[in-house]
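> Chains as they are written, first to last, in the working numbering: chain A, 1 to 499; chain B, 1 to 168.
Any given hint could turn out to be false.
Below, computed lysine-lysine pairings styled on DSS-like, alpha-carbon distance capped at 25 Å [what the hints assert, rightly or not]:
| hint | chain 1 | residue 1 | chain 2 | residue 2 |
| --- | --- | --- | --- | --- |
| 1 | A | Lys240 | A | Lys298 |
| 2 | A | Lys240 | B | Lys85 |
| 3 | B | Lys95 | A | Lys84 |
Simulated from the structure, these hints should not be mistaken for laboratory data.
For reference, the chains in residue letters:
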Amino acid sequence: MSTKKAIVIGAGVAGLATAIRLAVNGFQVQVYEQNSYPGGKLSYFERNGYIFDAGPSLFTQPQNIEELFVLANEPIQDYFQYQKVPIACKYFFENGKVVTAYGDAQAFDEEVHQQLGEPKGAVQQYLQEANTAYNNIGNVFLNYSLHKRSTLRKANIRKAIAATKAAYLLQSMHRYNSKAFKSKEAVQIFNRFATYNGSNPYKAPAMLTMIPHLEHNEGTFYPKGGMISITYALYNLAVKKGVQFAFNTPVQSIITSNRKAVGVVVEGANHMADVIVSNVDVYFTYKNLIGDAVKAQKILKQERSSSAFIFYWGMNKQFPELQLHNIFFGKQYQQEFASIFQHKKLYNDPTVYVNITSKLEPGIQAPEGKENWFVMVNVPANVGQPWNELQKQCRKLVIDKLNRILHTDIESCIEVEEVLTPPMIEARTGSYMGSLYGTSSNSKVAAFVRHANFTNAINGLYFVGGSVHPGGGIPLCLKSAKIASEIIADDYKKQHLHS
Amino acid sequence: MVNEQDEPIGLMEKMEAHRKGLLHRAFSVFVFNEKGEMLLQQRAKEKYHSPALWTNACCSHPRENETVIQAAERRMVEELGFTTKVISAFSFTYKASFDNGLIEHEFDHVLMATITNDTAIQPNPHEVMDYCYMSLEHIQAALQSHPEKFTAWFHIAFPKLVAHLQPA
Numbered sequence: 001m002s003t004k005k006a007i008v009i010g011a012g013v014a015g016l017a018t019a020i021r022l023a024v025n026g027f028q029v030q031v032y033e034q035n036s037y038p039g040g041k042l043s044y045f046e047r048n049g050y051i052f053d054a055g056p057s058l059f060t061q062p063q064n065i066e067e068l069f070v071l072a073n074e075p076i077q078d079y080f081q082y083q084k085v086p087i088a089c090k091y092f093f094e095n096g097k098v099v100t101a102y103g104d105a106q107a108f109d110e111e112v113h114q115q116l117g118e119p120k121g122a123v124q125q126y127l128q129e130a131n132t133a134y135n136n137i138g139n140v141f142l143n144y145s146l147h148k149r150s151t152l153r154k155a156n157i158r159k160a161i162a163a164t165k166a167a168y169l170l171q172s173m174h175r176y177n178s179k180a181f182k183s184k185e186a187v188q189i190f191n192r193f194a195t196y197n198g199s200n201p202y203k204a205p206a207m208l209t210m211i212p213h214l215e216h217n218e219g220t221f222y223p224k225g226g227m228i229s230i231t232y233a234l235y236n237l238a239v240k241k242g243v244q245f246a247f248n249t250p251v252q253s254i255i256t257s258n259r260k261a262v263g264v265v266v267e268g269a270n271h272m273a274d275v276i277v278s279n280v281d282v283y284f285t286y287k288n289l290i291g292d293a294v295k296a297q298k299i300l301k302q303e304r305s306s307s308a309f310i311f312y313w314g315m316n317k318q319f320p321e322l323q324l325h326n327i328f329f330g331k332q333y334q335q336e337f338a339s340i341f342q343h344k345k346l347y348n349d350p351t352v353y354v355n356i357t358s359k360l361e362p363g364i365q366a367p368e369g370k371e372n373w374f375v376m377v378n379v380p381a382n383v384g385q386p387w388n389e390l391q392k393q394c395r396k397l398v399i400d401k402l403n404r405i406l407h408t409d410i411e412s413c414i415e416v417e418e419v420l421t422p423p424m425i426e427a428r429t430g431s432y433m434g435s436l437y438g439t440s441s442n443s444k445v446a447a448f449v450r451h452a453n454f455t456n457a458i459n460g461l462y463f464v465g466g467s468v469h470p471g472g473g474i475p476l477c478l479k480s481a482k483i484a485s486e487i488i489a490d491d492y493k494k495q496h497l498h499s
Numbered sequence: 001m002v003n004e005q006d007e008p009i010g011l012m013e014k015m016e017a018h019r020k021g022l023l024h025r026a027f028s029v030f031v032f033n034e035k036g037e038m039l040l041q042q043r044a045k046e047k048y049h050s051p052a053l054w055t056n057a058c059c060s061h062p063r064e065n066e067t068v069i070q071a072a073e074r075r076m077v078e079e080l081g082f083t084t085k086v087i088s089a090f091s092f093t094y095k096a097s098f099d100n101g102l103i104e105h106e107f108d109h110v111l112m113a114t115i116t117n118d119t120a121i122q123p124n125p126h127e128v129m130d131y132c133y134m135s136l137e138h139i140q141a142a143l144q145s146h147p148e149k150f151t152a153w154f155h156i157a158f159p160k161l162v163a164h165l166q167p168a
């Protein structure tokens, strides 16, 4: 009996995690990656002593990574170290209000009571409900394929549905939050969590209100060395488990025969395998790798998530009033989202996110006494907007806003500057339209129409990553790897019994 | 924070741990015999938390220099006196407060093992005062009728394990 072979296309976070799981399950795994580096959107760069995480900046659910090391039976501490962060985020409003969102639910509740006048216990109750939702319906959605009949049996669906409030599916996140809180600011704080998978809280179902469960119930964490350490932990673990990597090696197409994926074409040569996993954006997988323009077009029926402008600024001094994660809210949140998703324009007062990893690793992530600012604004996906002009406008809006709220002159402190735009995101990572999180969650059915981790049309072909079930963001990408590898194990068992 | 013997370390060290935001990585092992019954242990009276309560076969924390699986296999020998291979089942985040003011917040890796009928259990009396095998159904019933006899931990982990074991 020869060893089963697997090919993983793309070394993004989900591709790496899938490669590890397949290797642990006895597959000989080969990964093909178009870039010269692993990690996809989870990459980094350095300028004059400033280290910048290029993409994701928030680390939650470390157990998704811990699990991989236990499965692989390797000591995680040799590859990856991280710590809990006591403050999840600091929220700044134009009206002068400031809310420090402690990771601890009780402290956060007290703060919201003090700063915003919400009744004591309001936040705690909200987070308690998020906890319940997460453990019931969240568990079904995140850990199983919604498209397999076996899910309905395994996952205790009845209990999950019984514990799920109708509001989660029928109301928008904004409506739900408006009922839970009295102050405009508290509603905005909890609406913002929709942006964690590039969605619009005014359209997305209240199901997304379980997202803060991760930050405030489970906690926020910081990886030693910055977010890039996640990529390297996964890459090094994969290598340790015998996964083979080919960088600078784009896959040209997937070879199918009799409705089965049997290999890939790389540099004009065929490479055969028993299992093919695509970590490429699902649109490009169908359009370019499978050559199915019809199916690719169908994928576009689902609304794409937002993209972003990211400014990377090396600041020549420290700002003690800022934390690891900071949000400077726009004044008209609903208009901001309408601008991103309906009008597909840059909004004139966008919310600004500032991440500063040198707060946790001073002198390492930035030169001594200086700060590495990652400054992000949510913008529409690329439909051909004049991005060069918008970049200039956005930069000015950001600087003006930060100056207003922080009563300072930001621009004079910038000594290093780089930028990432939607077309650059698409070019570098193959994320269609520069969408950061694949498809958005802006409809009641989004969860169900998002592409599954397999397709009945082609056997032996599986899908992982932010553009497929369960969705975008690191935690969900890691879950897609888990779901896909479990389906692969099931399928392989069934095959063997029949062959 | 605990040391390798699951004994409490000083208060100052605990404060240090919280300041640094250090993490608790934990594992628990569920052992089954050939009949599919689960091995339960009753914690010794001198344990610093949950003394004399019933729980699953083994729970502890890995040391700095070992994998979770190595730690589990080591603890099984130290607590119950037998060797067995453990496999990874699932993991989850666990947060709870104890009566003595300690707060536990850890990533728990649930592991499973099966032992043969002729495996000799030799419990360490400093850790374990009694043990038995019970079917999953009987455990469910006991959790309902005598909840106070089981550790808080077991109340949380057992249903998760049962859900994990549901046949496809």
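> Holds or violated: lysine 240 (chain A) and lysine 85 (chain B), Cα atoms, limit 25 Å.
Between lysine 240 (chain A) and lysine 85 (chain B) the Cα gap is close to 22 Å, so the pair holds against 25 Å.
> Quick one, are lysine 240 (chain A) and lysine 298 (chain A) close enough, alpha carbons at most 25 Å?
violated (39 Å)
> Against the 25 Å threshold, does the CA-CA distance of lysine 95 (chain B) and lysine 84 (chain A) hold or violate the hint?
holds (14 Å)
Hint compliance for this structure: hint 1 alone is broken.
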